[in-house]
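Chains A, B and C, in that order, are what the protein sequence lines are. Heads up: the first sequence begins at 1 in the UniProt record's numbering, then just goes up one per residue. Heads up: the second sequence begins at 1 in the UniProt record's numbering, then just goes up one per residue. Heads up: the third sequence begins at 1 in the UniProt record's numbering, then just goes up one per residue.
The hints are simulated quantities; they were obtained by calculation from the structure and are not laboratory data. Keep in mind it's a predicted model, so treat the numbers as computed, not measured. Just so it is clear, CB atoms sit at the ideal spot from N, CA and C, and this is done for glycine as well. There's no promise every hint is true.
Pairwise CB distance ranges (calculated) [what the hints assert, rightly or not]:
id: 1; chain 1: B; residue 1: 260; chain 2: C; residue 2: 244; range: 30 to 38 Å
id: 2; chain 1: B; residue 1: 260; chain 2: C; residue 2: 133; range: 52 to 60 Å
id: 3; chain 1: B; residue 1: 260; chain 2: A; residue 2: 70; range: 54 to 62 Å
id: 4; chain 1: B; residue 1: 315; chain 2: A; residue 2: 220; range: 52 to 60 Å
id: 5; chain 1: A; residue 1: 108; chain 2: B; residue 2: 47; range: 46 to 54 Å
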Amino acid sequence: MSPLLEVNELQIAFGGVKAVNGLTFSADAGEIVSVIGPNGAGKTSAFNCITGFYKPVSGSITLDGKDITGKRPAVIAATGVTRTFQNLRLFPDLTVLDNVRGGMHLYGGQNFVDALFHTPRYRKSERFYTEEAHRWLDFVGYQGGRGIPVRNLAYGQQRQVEMARAMARKAKLVLLDEPGAGLNHSEKQDLLELCRKIRDLGAAVVLIEHDMGVVMEVSERVVVMNFGKEIADGTPDAVKKNPAVIEAYLGKADEPVKADEPAKAEGPDITEGDS
Amino acid sequence: MSDNVDTTRAPRRIGKPASRISRLFESRQLGWAAFAIAVLFPFVLASNYAMSIGTTAVIFILLASGLNIVVGYCGLLDLGYIAFMAVGAYTSGIIAKAWELPILFTIPAVVIMCILAGLIIGGPTLRLRSDYLAIVTLGFGEIIRLTANNLAITGGPSGIYGIPGVDLFGLDLSGPVPFYYFCVAVVALMVLGSARLGKSRLGRAWRFVREDEDAAEAMGIHTYKVKLAAYIFGAIWGGIGGVLFAAHLSAISPQSFVFLQSALVLMAVVLGGMGNTRGVVVGAVVISLLPEFLRDMGNLRYVIFGVVLVAVMVLRPQGFWPSRAYEPEKLDEARKGKRDGGPRPGAPVTTAKGGTP
Amino acid sequence: MTQLVWNGLFVGSFYALIALGYSMVYGIIKLLNFAHGDIYMLGAFVGFAMLTSVGVIPASMSITALLIVLLLCMVVTGGIGVGIEYLAYRPLRNSPRLAVLITAVGASFTLEYGVSAVAGPNPKVFPVRLEGDSFTVLGARISVPQIVLMVIAVLLMLGLNAYIQRTSMGRAMRAIALDTKGSLLMGINVNKVITWTFFIGSALAGAAGVMAGAYYGKIDFLMGFIIGLKAFTAAVIGGIGNIKGAMLGGLLLGLLEAFGSQWLGGEWRDVFTFGVLIAFLTLKPTGLLGERVTERV
């Protein structure tokens, strides 16, 4: 059986700069894959391309055998891809429940005529939306208020809401862009647990993460990127020992080695801007 | 966008636990109260002048609730909204005069024309950034007005006269008081409709687009189609407003559809509270009645409007009566008094259907 | 034919002057300043007020008087532009775009009806009317006032271009247009530069207003509305945010309009212009000289 997600020779360019240059990797259903690499390696760009926000120059992306290369984000989402963002992208003025309902948009279940006349179909689907939203908030272990705007929540809670929103439609492929950023130790442990729970639902989980502790603990497979290309792909242990990876992170052996600071990739850092 | 969930911004009132007063403002009976006021108004004051002002105000409420769909729910700034009213008024006037039809029979044609106008205006422009959209709608508003001014079928600068009043199954409603009641009934239903749309799946999709277009798109919301839907609904509401307007005045001309009118409707929505139907209705009443009270001030009243608009955006950008994002915390609270039913929590999730509205 | 080209270029130079302000402000703070067209209107009215207060001006002095008034008006409208920025736009620098746009509409409204409340709603006749001989070049009738106004417009544009390319303030403007946060970190006083941008843009629009008043002879408080839209069109044609683009777009729009109204009839002129705007935004939203910007997610 072919893998759920297949990325093949993907290339993305901004002006003349190749942010992603021939990336190839895959992910299976029921598997947690981490994508790691120095800043500017093209991880987020690759994510944005898989979810349709950037158009690739060349290469292909297939999900479940369906070609989704260069499609509109909404269309790609409808084929079963969901994601979180590097910097939280919630709907700040809407309630927690509404945010999670946002993730459930594709369930449908009502149209505007139902809404105008409050048909039984409308009532039933609204009830479904509310109950499912509560269920997914429970799933991610969210403890805070649910009827208040997410703007008022603490950062960790906002992360949880974003997670619940991403999960709410039970996608086949879950892309998590630095889900652990800004979380404290115990929150990170919860996150690991959550990733496993998501995997156990049968989804493929692909995450970008900088915390090597998290990566090594949770991943079944690790893809290491540098200069827009994968340089290693294997189990955490195999990757740890891979000389190309060590070089990417720590520099060549004959250069002075900087302790535990990942080496910056060369070139302008346009692939992972703050916006 | 890291300022997306910026908590350093001025504290907002939304989301605070409901006080007794604000609970009163949120109460469901408020709509009935407003309706009752509108119904009782002719008993207090039934002069022709008062009825005319009242009818204008009611039509203005309809326009504001239509624009609220576009600006308030979906966050698209439309500066040429009055063009849809013009499309509705002219379509209805031309058809009613040409075939001597009762004006209500023109409504299907008006709805079709407004959907077409919404598609023509929204189609190319909704792909653009929001600020481009604003100025393009301004341009479209002018195009519609100038076209009406230049064509023979629309009567040129002098417009169309002698548009028949409303006649409902042989019941003549063209007198000032009956027509007022007719407008109140139609507008109440349309306002209810826009409020209901706002609370539906489509309405939520509009808000998601307003809050964060990219995130909405990532959740599978086809933002272009959703925006177009908002535009078309706004157009229909405006078109129906145009029919009422034509029946009310029995004469229409391009001067009725200038930018000032679009700006006044926008002001009603913004001052009232974007996205909140109640606020918008109050805003519309204030904006449409205030000029009557300030008639002596001449154009100075519009200066005040302009200054107030700037001041509100600077000091209270959510408007005077904003929509409060708040809902029952627990499932049981939401369901209190309702019969149990629907899927159980934890029930297996049905497979997602592709596609969007 | 040559007459059409000449008329187009003449009107186009007005559009270009106003489009410059639009484009500069947009380039720097990504704000569509709806009130910009009304600054043009204000320029005409300030000029009107100055000239009427002076009294009767002998015809021989009219050009000199006009130049002095032009300069004074530029200072006044520039100052008003700065005031609008300070009161209405600066507090909203980090607000959602919708709020800023609505504020701009409010500012525009305030200016329009403020002028009508002060000066009265009826059109005014400009006290100085540029009159002069006209002569024929290649079949086009060209009058002396037209040449004078064109020369002023071209000088202003050349001056602006030199200012932006040569001075440190111009460099700061270009830097902020590229990256506001970065410029702030590099020690550029961003607020000061934005203030200057508004000053220059508004001054140019005010100059255009005085020139239009002197040439057409009649001014009214809504004259800025349509011309603001057209200047925006010109800025879009050239590529909004691009200074040379705004000049090019203005001239091009003038030409298009001249030929379009010849072809469709004068009453369709504005419809034609807005049609051009929509066509451009649909087919080439970056304009002729604008750069394609990939929006980041």
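Here is what the structure says about each hint:
1. B:260 <-> C:244: 30 to 38 Å: Hint holds: Cβ distance 35 Å, inside 30 to 38 Å.
2. B:260 <-> C:133: 52 to 60 Å: Because 42 Å falls outside the window, the suggested range is violated.
3. B:260 <-> A:70: 54 to 62 Å: Violated, at about 45 Å.
4. B:315 <-> A:220: 52 to 60 Å: holds (54 Å)
5. A:108 <-> B:47: 46 to 54 Å: At roughly 52 Å between Cβ atoms, residue 47 (chain B) and residue 108 (chain A) fall inside 46 to 54 Å, so the hint holds.
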